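> Protein chains in written order, with the working numbering: chain A, 1 to 327; chain B, 1001 to 1258.
I should point out that these hints are in silico values taken from the structure, not numbers from a laboratory.
Hints are not guaranteed to be accurate.
[Said to hold, decoys possible] Heads up, simulated SDA-like pairs for lysine to any residue below, C-alpha to C-alpha not over 20 angstroms straight-line:
no., chain 1, residue 1, chain 2, residue 2
1, B, K1255, A, R158
2, A, K15, A, K300
3, A, K300, B, M1233
4, A, K15, B, T1163
5, B, K1032, A, I275
6, B, K1255, A, V324
7, A, K300, B, T1015
8, A, K15, B, E1166
9, A, K300, B, R1228
10, A, K300, B, A1229
11, B, K1032, B, T1015
12, B, K1255, A, P207
13, B, K1197, B, T1015
14, A, K300, B, E1235
15, A, K300, A, Q276
Values in this document were obtained by computation on a predicted structure and should not be read as measured data.
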Amino acid sequence: MTPAILVIGELREDKPTDASREAAGVARRLVGDAPVMGLLIGSPVEPAAAGWCRDGVDTVRWLAEPPAGGRLAGALVPSLLALLSEGSIELVLLPSTGFGRELAGALAARWDAGAATGVTAITRTAEGWEVRRPVFGGRATETRILSGPRAVVALRPRSFPAPEPREAPAAAAVQAVVAPGPWAAGPTRIGSEPVVSGGGPALGDAPIVVAGGRGVGSSDQFRLIEELAGALDAAVGASRAVTDAGWRPASLQVGQTGRTVTPQLYIAVGISGAIQHVVGMIGSRVIVAINSDPSAPIFKVADYGIVGDLLQIVPALTAEIRRVRGR
Amino acid sequence: MEIAVCVKPVPDPDTRLRASPDQRTLDPEGVKYVLAGYDESAVEQGLLLREQIPGSAVRAFAFGPAPRAPEILRSCLALGCDSATHVAANEPVDDPLVVAAALGTVLGSRPADLILVGKQALDDEEGLVAPALGALLDRPSFSSVTDLRWSPDRARFSFRRSTEVEVERWEAPPPLVLGLQQAWNDPRTAKLPNVLKARRMPIESVPAAPGAAAGRSVPLRFDLPAPRAGARMIEYSTPAEAAERLVRILREEAKVFP
Ligand SMILES: Cc1cc2nc3c(=O)[nH]c(=O)nc-3n(C[C@H](O)[C@H](O)[C@H](O)COP(=O)(O)OP(=O)(O)OC[C@H]3O[C@@H](n4cnc5c(N)ncnc54)[C@H](O)[C@@H]3O)c2cc1C
């Protein structure tokens, strides 16, 4: 029998995020023609539901967010459990974002399910759901079997293709599900600020990252990195040498004590390639290094290298990218 | 304030990774297991809070088989934790939900005001233990937490939670379970007298609840990427030419942007 799947999606600006759309496409591929239930967290917006149906889900429910907009995974679990028993669901798919992982852990614990996060491939086998996921900062990949009758799998954003839009089935009745917040008097969200990202998209989320190291020379010259990132719509990253020197905030640090990033393209500029930096970026699909020292270890992990003075190469690269992108 | 910190022994970050003979997991042969990454930060955070809140205790918990688990508990004692509890399993278990269940059973009977966990372990990077513990103990749980502070007059914690797009500010009363993302570039190191003192401190051992071995997430294969061949170097005579060549390769060959 084909398993029933629930996909949990996140909204950004009233639309399902790309990662939520990818999850819908994965669910569709896994079950063929069998029904896929979708659940969006937030306040109901009809066009969002219709678009998501074209990506692969058949019915869309809404889980109301607590009034303050503060998301507490644990508070959503009781309503999720009710929904899961109703649809005899065996697999829950959701984006492996920060919140998606919180929800995966809380839900799996109460649903008595196996769980995996950061998953980049999933197939059904006789033993259960076989999942692949990068570990050790992308230095290795593990394959696991989630063998129990129930599983929660968080899918790494941008690791699956964007779904081909299909003929949407007549959008099924969109039903609201109300989340009772058991900790109504507990945690309160008192505000938020956009992520300090050095200008462009957030580091954890960006398909391209341009990172600068000590070789950039000064806080002023670090603007060269930001200009290149701007031309590429990329996020800005930094080595610890840069954040320690205070040229840029610690939130931009990539590496063992900073963030782990896995973009499509990582451009390391004036970074030597110390292991503590490399563990944070080795999972990137394509790595480019620009360094004046031909024996810098970064060239061992890079796919493409330019040996030269970054003060000359980077502005030329920025100009060339602006030229080909016509701006 | 009672602060519980849950830590996991992980391979030293400098470990050269190798697959085990059956290819299923990391080969543990010759690997040194240490307190590292966000777990190290969780201990540091617990100790900083204890310095700030009179009458607090920081208690370390680790699940797993000896000798790894008791060894990293010993490092926690050397850093200054007040007590250490080994939730003993006979074999290594790497199913995070099993880990959370085993720790949850022990922590459930020792009410802590604050349970601190690294937001994810340095090796498997699942990030499931903090939210699972929160759900099992029926307490609010947050991950990706930084800037944790205690405000005594309001009897509340304040902290930040990072999402992909924003940093949220939260306030919450105890009890709480937090997965820390804070990274101190220079967390405290154990001083020699404390290392010596820690050697004489007892480590309590409690057996993991029965059933805490049958994981539902079972490792099948551990693959290492083919070693990167080393960078293909771009030859050029002027910076403009280097740029033009690189951009062409990235568009046409690597296909990383249109
Ligand atoms: C416990 C621990 C944790 C750590 N965590 C992290 C971490 O999370 N992230 C991190 O990044 N580091 C981390 N480090 C530090 C790490 O070991 C390195 O010291 C750091 O990454 C070096 O930064 P860098 O490459 O920018 O500087 P350097 O190593 O000084 O390299 C600068 C590079 O710039 C090149 N260069 C100089 N001038 C030019 C020019 N004009 N044009 C082109 N190239 C030029 C040089 O050839 C050199 O290769 C950690 C260290 C420890 C001990």
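> Which constraints among the numbered hints does this structure fail? Numbers only, ascending.
The structure breaks hints 2 and 13; every other hint is satisfied.
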